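Engineer: The letter at position 52 of the sequence shown is residue 52 when you use my numbering, and the numbering goes up by one with no holes.
Straight-line C-alpha distance at most 27 Å; calculated DSS-like pairs for lysine-lysine:
no.: 1; residue 1: LYS24; residue 2: LYS53
no.: 2; residue 1: LYS24; residue 2: LYS64
no.: 3; residue 1: LYS28; residue 2: LYS53
no.: 4; residue 1: LYS28; residue 2: LYS64
no.: 5; residue 1: LYS64; residue 2: LYS53
Hints were generated in silico from the structure; no laboratory data involved.
Being a predicted model, the structure only gives us computed values, none of them experimental.
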Amino acid sequence: MTEEAILQGCLHNDPGAQRELYQKYSSKMLSVCYRFAHNREDAEDMLQEGFIKVFSQIHTFQNKGAFEGWIRRIVVH
Numbered sequence: 001m002t003e004e005a006i007l008q009g010c011l012h013n014d015p016g017a018q019r020e021l022y023q024k025y026s027s028k029m030l031s032v033c034y035r036f037a038h039n040r041e042d043a044e045d046m047l048q049e050g051f052i053k054v055f056s057q058i059h060t061f062q063n064k065g066a067f068e069g070w071i072r073r074i075v076v077h
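All chains, please: the whole structure from these sequences, using the hints.
Structural biologist: As structure tokens, this is what we get:
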């Protein structure tokens, strides 16, 4: 599935697209979370909360810049 197809699917709350998005970016974002967390459990909690925000705010992505960068900003804030 292309990034655009994943994005469109997530915009329509497609669980398959959401799963693809999570599988594609979760390991990279977990590494980012480790930089801010004190342990693996906190990093995993931060990751899960971050992806909940990503899915609820995905409609705000405007195709300006990299999608991965947008996800990273959402996850760390």
